[in-house]
Structures are given as structure tokens and as C-alpha cells.
Amino acid sequence: MGTISLKNARKAFGDVVIIPGASLDIKNGEFVVFVGPSGCGKSTLLRMIAGLEDLTSGAILIDGKDMTEEAPSKRGLSMVFQSYALYPHMSVRGNISFGLKMAGMPKNEIEAKVAKAAATLNLTEYLDRKPRQLSGGQRQRVAIGRAIVRNPEGFLFDEPLSNLDAALRVNMRLEIMQMHKDLGATMVYVTHDQVEAMTMADRIVVLNRGNIEQVGSPLELYNRPDSLFVAGFIGSPKMNLISGKPAEKYDAQTIGIRPEHLGISLKDGTWPAKISLAEHLGADTYLHVDAGPCGMMTVRAAGEYDAAPDAKIFLTPEPDRIHRFDGDGKAIRK
Amino acid sequence: MARNVSFRRKLVVTALAWAIGLLIFFPILWTIITSFKSEGDAIALPPKFLFFDWTLENYGVVQERSDYLRFAMNSVMLALGSTFFALVIAIPSAWAMAFAPGKRTKDLLMWMLSTKMMPPVGALIPVYLIFRDFGLLDTRGGIIAVLMLLNLPIIIWMLYTYFKEIPGEILEASRMDGASLGKELLYVLTPMAIPGIASTLLLNIILAWNEAFWTLALTTKDAAPLTQFIASYSSPEGLFWAKLSAASTMAIAPILVLGWFAQKQLVRGLTFGAVK
Ligand SMILES: Nc1ncnc2c1ncn2[C@@H]1O[C@H](COP(=O)(O)OP(=O)(O)OP(=O)(O)O)[C@@H](O)[C@H]1O
Ligand SMILES: [Mg+2]
Chain B
1 MGTISLKNAR
11 KAFGDVVIIP
21 GASLDIKNGE
31 FVVFVGPSGC
41 GKSTLLRMIA
51 GLEDLTSGAI
61 LIDGKDMTEE
71 APSKRGLSMV
81 FQSYALYPHM
91 SVRGNISFGL
101 KMAGMPKNEI
111 EAKVAKAAAT
121 LNLTEYLDRK
131 PRQLSGGQRQ
141 RVAIGRAIVR
151 NPEGFLFDEP
161 LSNLDAALRV
171 NMRLEIMQMH
181 KDLGATMVYV
191 THDQVEAMTM
201 ADRIVVLNRG
211 NIEQVGSPLE
221 LYNRPDSLFV
231 AGFIGSPKMN
241 LISGKPAEKY
251 DAQTIGIRPE
261 HLGISLKDGT
271 WPAKISLAEH
281 LGADTYLHVD
291 AGPCGMMTVR
301 AAGEYDAAPD
311 AKIFLTPEPD
321 RIHRFDGDGK
331 AIRK
Chain X
1 MARNVSFRRK
11 LVVTALAWAI
21 GLLIFFPILW
31 TIITSFKSEG
41 DAIALPPKFL
51 FFDWTLENYG
61 VVQERSDYLR
71 FAMNSVMLAL
81 GSTFFALVIA
91 IPSAWAMAFA
101 PGKRTKDLLM
111 WMLSTKMMPP
121 VGALIPVYLI
131 FRDFGLLDTR
141 GGIIAVLMLL
151 NLPIIIWMLY
161 TYFKEIPGEI
171 LEASRMDGAS
181 LGKELLYVLT
191 PMAIPGIAST
201 LLLNIILAWN
211 EAFWTLALTT
221 KDAAPLTQFI
231 ASYSSPEGLF
241 WAKLSAASTM
251 AIAPILVLGW
261 FAQKQLVRGL
271 TFGAVK
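Chain order of the listed sequences is B and X. So the first sequence is residues 1 to 334, counted in the numbering used here. So the second sequence is residues 1 to 276, counted in the numbering used here.
To be clear, the hints were calculated from the coordinates, so they are not data collected in a lab.
Derived DSBU-like pairs: lysine-lysine, alpha-carbon spacing no greater than 30 angstroms straight-line: (1) B:Lys238 / B:Lys267; (2) B:Lys116 / X:Lys183; (3) X:Lys164 / B:Lys130; (4) B:Lys116 / B:Lys101; (5) B:Lys113 / X:Lys183; (6) X:Lys164 / X:Lys103; (7) B:Lys74 / X:Lys183.
For each label pair, taking beta carbons as the anchor points, the in silico distance ranges come out as: (8) B:Gly104 / X:Glu64: 54 to 62 angstroms; (9) X:Phe261 / B:Glu125: 34 to 42 angstroms; (10) X:Lys10 / B:Glu125: 42 to 50 angstroms.
If we take Cβ atoms under 7 angstroms as the criterion, some of the chain X residues that face chain B in the derived model are: (11) Glu169; (12) Ile170; (13) Glu172; (14) Ala173; (15) Arg175; (16) Met176; (17) Asp177; (18) Gly178; (19) Ala179; (20) Pro191; (21) Met192.
These numbers were taken from a predicted model, which means no experiment stands behind them. C-beta: ideal position from N, C-alpha, C; glycine also.
Next up, chain X with everything else stripped away, as it sits in the complex (with noise of 0.2 angstroms):
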């Protein structure tokens, strides 16, 4: 049932949100604005807003210096491939949890949790270390493995929470009917599963892609994905910020749209039994 909202009431709420929204999307608005100044408009004080010389400039010269596609094609491969392969390990192991649960599923659980609680810095060295090692920096394979481990155990509590909210007779009654597991795992549980599936692959996709960390830390050239590509227009030859914004939304983009496109999957798994 409706309530009864009064209209005031109705305008404050609205106006409300629309502040916080806006209030968020700032940084991201002043970053795509910026990207269309030339550099002395992006640093004047007052800063402009709307009336300055609209200009590509910018975009031709990212585009000109730094080759942005093979950038987004590293960037795709490493948020897809870890993605992928998280979700390969992620949906056996939600699925034992899940519907075999142990005496210390739940500890085990939280235990995957509190790795994210974990500063990532304090891993840097060792996990650098074994890279060199083992030949792996600056390799898609290598970062791959660690995205995917990264975001491993939030994948593997989302895909729990959905896993639980499907009655284990359905699954046994598969048994019954001769699936082995594997079949089981395919024909059963992951088409049941597919809001849940779709929203966390989403979510990690969008994660893999902003992650900045390690990707910074382990590629240089050969596997480096957008975020490098953001990062070589900050340092050595000094601030040019309407380039660094230029090459930031270039970055952002694909994943503003697939976001975009893809938000009420997202809001439907971020919330699912939550609301019913």
C-alpha cells in the first residue's frame, strides 16, 4: 500500500537525494568537465565551470602519446579473465558451503572475510617477491591470479548468501534423478542462480577494473591496464591536468556504461534477501 506522502514532504526527500547523489558523481563530473578544458583553464582560479573554449584537444593528444586501446584491451582481459576464473573456484566452493556445510564453514567463512580487512601494502613485498621469482610481473597471467584471489572471498560470500536462499531438495532431487555433481553444478544450481551469478560477476568485474594496487605495482608495459595508463599522465613530466582527466575518463568510460546499463541487475544482487 501507498502512504500518504505530502508533497512537501515528497520535495525534500527528492531534493535530498539528489544532493547526495550529485555530491558523489562530483568528482567524476569535475573530471569529465576538466577533460574538455585547455591546460590554462583547468587550473584557473576561480575555477570555470560551464563557460570556457570547449575543446578534443586533450583526447588527441592522450590518443597521439600513449596507445589508450591497448591499455583497455589489458584492462578487459584482466577484469573477464579474473573474473572468470573466480567465479570457476567461487561457485564449487559457495556450493559446499552452502549445502555441505561443516562444523567450521562459518568460521572458515569469516575467516575469508578478514583477509579483506587485511592492508593489502602489508602482502606487497612478499607477493612482489614471489613475481619476480617466478617471472610473473608485467604478465596478464599473473595479475589475473591476483585479482581473482583478491576478490575471491567476496565473490564466494555473495554467491553463499544466494546459494542459501535455494531449497537443497531441488538440488537432491537431481541427485535422485542420476546428475552427477558436475551436471548437478550446471544444469541445477547455476541456472537457479543466475540473477545471483550475474550481479557478482558484474560487481567483480567493475572491482577488477578499478583496482588500482596491485596493478600499479606488478605491471609496467606489457599487462598494464588502464589504470597505468591514468597513472603515466600524473608523474614525471609534471601536471597536466586536463590530460590526466582526458585519460581518466577514457579509463572510466567503458565501465561507467557497462554500470550504468547493468544497475538494476547490480541493486538487485547487492540487496538480494535483504528486500523480498
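Just chain B, same shape as in the assembly (with noise of 0.2 angstroms):
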């Protein structure tokens, strides 16, 4: 069925190493995400799997067989762009048609599958417009359309979601979770957006300069990070890194510790600290504090804090919450 295999896979353009070597096994019916900073080679990486980037070096199975050598439609994959690259020529019907037409399916089923593709995805009294008619959520779903009448084996998206407002980026996400239990197909899923990553990741992968920075559920990755680029990068907002001598007390270079897992306190704590920005969000307040030897540090209070302009607190760290990491930047576990 569709597992995904990376062995090894490396790319250059020219003498510009992008992907150094990736390795990577997804499994039937996973969902896996790819996040990491912008050019870091998602991209890239999702189009070596879907065969629209050659491999410098290394080899991609899919199902347990080598298709490095592979063109794009053998691979039995669909993929979703960013631009959503509807042909503009064609209407919407003919747009989610080319695949099964190229396959030379007889027109009745093509018609079939085209009405039932439509239906899932609400589409059925566009079929007969042209792209530009359409407004961007109903593009999107378009795009989607044509990637799942061909009945693939997985998926793969590049930031799909990312050219849509807020509110409709919530409603495609369910619908591409929901898409993903009610096909159980194998879905890659390149985005930037931290709530993406880890709402709908069975397996977020961590990409940094090309390489694999760590691989994990999304609380493995929020809880356990390997390195400092996994602790600063997942979770929003993002992790306070401290280094010098708060962080020798703990026998690290540098200690990490979430907004959300330091306690505030008026009267005494670890590190004092004074007020110099607070974020009312509603439900939470993000603090922003200058914390001395600490540096300028972000804490995360429940509900609606009162806090006022230049006032002192007191921060403690949740004690089992302290991420620690040596000079290198790696994890050190207990």
C-alpha cells in the first residue's frame, strides 16, 4: 500500500547542496508533516517524492519498489500546489477529469467519479465555471478535487492552505483531516503554520539547511526536543532559550523553558523580573518580561492578567519542564 521511503536521498542544483542526504520511512495511511524554516528545502523535498525534482543521489520506494527513476504519474501519488496550478482553460469539471481522462478511463465512469468528487467537496453547481471564477477556498477545493478522483495511493500538499484567510484555513484543515480518516491514505504535508504541524501530524518531521533535524509525533517534538533548533522552532509562542550562568546551575549551556510552563508570582520565585510588554489575547495573556542575567523572556498567563507597565515579578520554572542542551546544541537527557 503507500509507505514512502527517503534512502538517502540527496539533491544539488549545481554545486548547491540542498538536500544533503534525507532518510525517512512513512508509513501506510500516516500523516506526515514537514515544517522548517522558509528555504530549508520542504519543498524540495516533497517534489524529489513526487518526481518532479530528479535525485542527485539515494532512492525513493514507494510500496516497497524503487521509483527514483520514476515519472511523476507512475508513482501513484497526487499532489496539491501552493498556487493550487488549476489549468485555467479548463472548467472545474475539466480540471478534475484530466487525470482519469489522461488515463484513458471510459467517459461514463470519468462522469461518475467527477460527480462524486464534486459532491464530497460541495463543488457540484461550480462544474461547469472556469478557475478564475471561482474564489480561493473553492479553488483550493478544485485542486483537491483533482488530486483525489484519481484514487492515489498518497497525497502530497505544499502548504496548501496558506493563500487562505484564517477562518477558512480552519475549515479546510478539518476537511483535510477528515479526507485523510475517510480515505486512509498516506499523506505528506508541507506547511508553516505551527497549529497545521501539530493538529493534524500523526508525524511532524523537523527540517533544518536540508537535513533532518528530528523526527516525532507532535508531543514527542514538544516535549522532548533533540536540539535547540526543535526547541526553538516548535511551539507558539516559541520557547525561552537562556544561556550563561542561569543555565550552569542546571549543568547545561543552555536551558530552555516554554511561556506557558513558568510560574508567576509576586512575592518570591527563581528569577525576578519586570514587565515591559503584555498581549492580551482574551483567554491568555503573553507577558513579555526583561529577566535580568535571563535576557528578555515571553510567559504565558492564563485568562486576563492585569499586569502593569514596569512591574516586578517573580518567574519559577516548572522543574521537570527545563529542557537542557549542551554546546552543541543537543539534548541532554537525565
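Could you fit the two chains together into a complex? Lean on the hints.
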């Protein structure tokens, strides 16, 4: 079925190495999310899986078969592009059915499949429109419709929701998750968005300059980051990273503590701090504080925290929530 | 937003535009007018502009003396044939340059264009000898090949600039959808580039229709297009201005009409990418 394996897959454009060598096993039906900073090679890696980008060396196995040299269409994968990449000169119907036509499916069968996909995606009344006559969300649905009609073993998504507004993004996110549940197909999903990564993924793959930094379930990455990079990347607001004197007390080069794992007190605590800014989100309040030798820190206070500017407070980290890192940025485990 | 342009300024600009337009069009206009004059009026000094005895006799003589339709047929065949084969070669070439460029693609494009800077007469003798030895002189096939090669650089350039505007992801989507290279070109790229291809096609038809250097040098009778038809009135029997004008008018009329109807498409095509 839809397993995908990367065996030391490497990609270089000329002399520039983008992916030095990635190895990864994706299980059948798994939802895997690639995250990482802009330009780290997420799209490139996804396109290598799709077959749109040749490998410099290494191999890609799909269903256990070596597909490294195989054409994109032979890999049994569908892709949803960030720009949607709909065929502008074809109607919605034409867009969704193009792949089936290319596969030489009989007309009546195509019609039935298109009708079914359109019904699932609420596109039935738009079937005869051209892409330019659709809203962004509808175009996104067409792109997804085009991907699902072919009934692929796996789906590849490259930041599919990044062009949508916030409300629509939440909706589409839920729809894609529902689709994953219904179809049970393997999905590889690239995103910038923390929330998308945390909520959708069975496993998250964190990329840094083309290297796979860590692979794990969202909570594994949140609770046990292997490196400073992952610690700083996963979680929002970002983990506070403290080095120097305060870190030495914990036998580490750098320690990290998440904003939500700091206790606040007006009387006493581990680190004295001065509030410089408060962001009121309603359910939470983010305090940006100046904690002296610890530097600037972010603290998450539950509810509406009444913070006077320049007020003095004390912060106390939850002891078992402190992450320790050595000089190379690797996590020190007890 | 419309800018506020004073009436006087508008007037001046309009007058200027008309003046330049007329200046460019004047030779053609004069040719058309002359074609309706008698030979005597045609060489009269001072020239007669509108007040002379309008006559159709030149057209009658021209039609009687030489078979216009045969020349016109050749022109059509050469223009359409060379354009068709040029597109068949240029679409895949431009596709490769726009969507799968190599390190030297830019150089290749420059080199192709540079061939247009060479004076054609420099290649006349070799081409003539090749044609003679392969028995291609005065054959439609041979001329079609020359005209095609002649315009290929411009066609590839034009298509290349159009194709550059098309997002590569759409072509990649079709590849994911299982389209072979041929189907990708046929069902996705070509329909998306129709406006660009149409203007390229029109421009090439016009260029091929008007091409005189090679058609005059390499044809005599069987493959002779309208350029030969015109030329046949200029030399041996002395100059007959009115008849020459009538022949010229008959030769350019079809392409003038085509150009007139297609001008919107042509302008759009030639400024594509420049104005958005
Ligand atoms: N065709 C190419 N030729 C040369 N370099 C390329 C090419 N395509 C991508 N790159 C480079 O590869 C790196 C990774 O690009 P990629 O698009 O995979 O990043 P990304 O992680 O998807 O970024 P983003 O989050 O901004 O989409 C970038 O530095 C980019 O400049
Ligand atoms: Mg990307």
C-alpha cells in the first residue's frame, strides 16, 4: 500500500547542496508534516518524492518499489500545489477529470467519479465554471478534487492553505483531516503553520538546511526536542532559551523553558523580572519581561492578567519542564 | 485613472499621430492610387493626386498577362507552410528553454537571434548551391524550408517570452495527472498560450508573405510567390509604373486585409509582457 521511503536522498542544484541526504520511512496511511524555516528544502523534498525533481543520489521507494527513476504519473501520488496550479483554460469539470482522461478511463466512469468528488467538496454547482470565476477557497477545493479523483496511494500537499484567510484555513484544515480519516491514504504535508503541524500530523519532520533534525509525534517534539533548533521551532510562542550563568546552575550550556511552563508570583521565585509589554489575547495574556541575566523572556499567563507596565514579578520554571542543551545544541537527557 | 489632458494638447498629439501614420502609410497609398492611373498620368509631373481619369485598365492588363491566382496560391502555401512547420519545431523548443533551461539556454537564445543580424546575402551562394545540387530550386518544399529557418529564431523568441509567463507548476500538475510530454504540450501548454501563439503565427505569416530576398533568388516559376509577380513588372520591358502599382496592390491586398482584421491580436502579441 502507500508506504514511502527515502533512502539517503540527496539533491544538489549544480554545486549548491539543498538536501545533503535524507532518510525517512513513512508508513501506510500516515499523516506526515514537513516543517522548517523558509528555504530549508521542504518543497524540494516533497517534489523529489513526487518525481518533479530528480535525485542527485539516493533512492525513493514507494510501496517498497524503487521509484527513483520513475515518471511522476507512475508513482501513484497526487499533489496539491500552493498556487493550486489549476488549468485556467478548463472548467472545474475539466480540471478534475483531466487525470482520469489521461488514464484513458471510459467517459461514463469519469462522469460518475467527478460527480462524486464534486459532491464531497461542495463543488457540484460550479462544475462548469472556469477557475478564474471561483473564490480562493473554491479553487483550493478544485485542486483537492483533482487530487482525490484518481484515488491515489498517497497525497502530497505543499502549503495548500497558505493563500487562504484564517477562518477558511481552519475549515479546510478540518476537511483535509476528515478526508485523511475517510480515505486512509498516506499524506505528506508541507507547512509553515505551527497549528497545522501540531494538529494534523501523526508525525512531524523538522527540517533545518535540508537536514532532518528530528522526527516524532507532535507531543514528542514539544516535550522532548532533541536539539535547540527543534526546541526553538516547535511551539508558539517560542520557547525561552537562556544561556550563561542561569543555565550553568542546571549543568547545561543553554536551558529552555516554554512560556506556559513558568509560574508567576509577585512575592518570590527563581528569577526576578520586570514586565515590559503585555499582549492580551483574551483567553491568555503573553507577558514580555526583562529577566535580567536571563534576558528577555515570554511568559504565558492564563486569562486576563492585569499587568501594570514596569511591574516587578518573579518567575519560577516547572522543574521537570526545563530542557537542557549542551554546547553543540544537543539535548542533555537525564 | 484618467489624467487631465487639456484639449489643446490632445489636439496636437492627435494631429501628430495622424501625420506620422500618414507618412508611414503614404508609399502604400501612393501605390494604390497610381494603380488606378493611366501610364501617362502615372509619370506626369507635377504628380496628379486625386484628379485624373480613374481607370481599372491596369488590373485587367495585369490579370490578362500573368496568372495572379497561381502566384497568390504559392504565396499562401509558402506563408502557411513555413509558419506551420516553424511552430511545430518552435513550440517544443520554446517549451524546453522556458521550463527546462540549461546553463547555456540564454546563450543559445542570443546566438539564435544573432543569426538574424547576419546579412542574408552572405548565405546566398551556399544556399543557392545546396538548392541547386539537391534539386530544390523553384520547389515549394525548398522555399518553405528556407522561410521556416529564416523566421525560426524570432518565433522561438516570441514563444519563449510567452511561455515564461506561464507558471511551471501548472505543467507539473499535468505531469502528476499522468500527461505524457506530448499531451502536456497539446492539452495544457498550447491552449494556455493560444493568444501568444496566435500573434506569433500572424506575424510569421506576414513576414513570410513579404519575404522577397530569398523568394526572388530561389524561385522562377513553379514555386514563385507574389513577390515574383511584382518583380516581373519592373525589369525587362521597361518600367510601367501603373501596372507595377496594380500588381503590387494585388500582391499586398490579402495580407493588408489580414493585418487589418488581426491588428488587435498583433499589437497585443508584440507588447505582451511589456504592459500588464
Ligand atoms: N531550481 C532551483 N535551482 C537552484 N536552487 C533552487 C532551486 N529550487 C530551489 N532552490 C533552492 O533550494 C532551497 C530550498 O528551496 P525550497 O523551495 O525547497 O524551500 P522551502 O523549504 O519550500 O521554502 P518555503 O518555505 O519558502 O517554501 C532554497 O534555498 C532555494 O533557493
Ligand atoms: Mg516551499
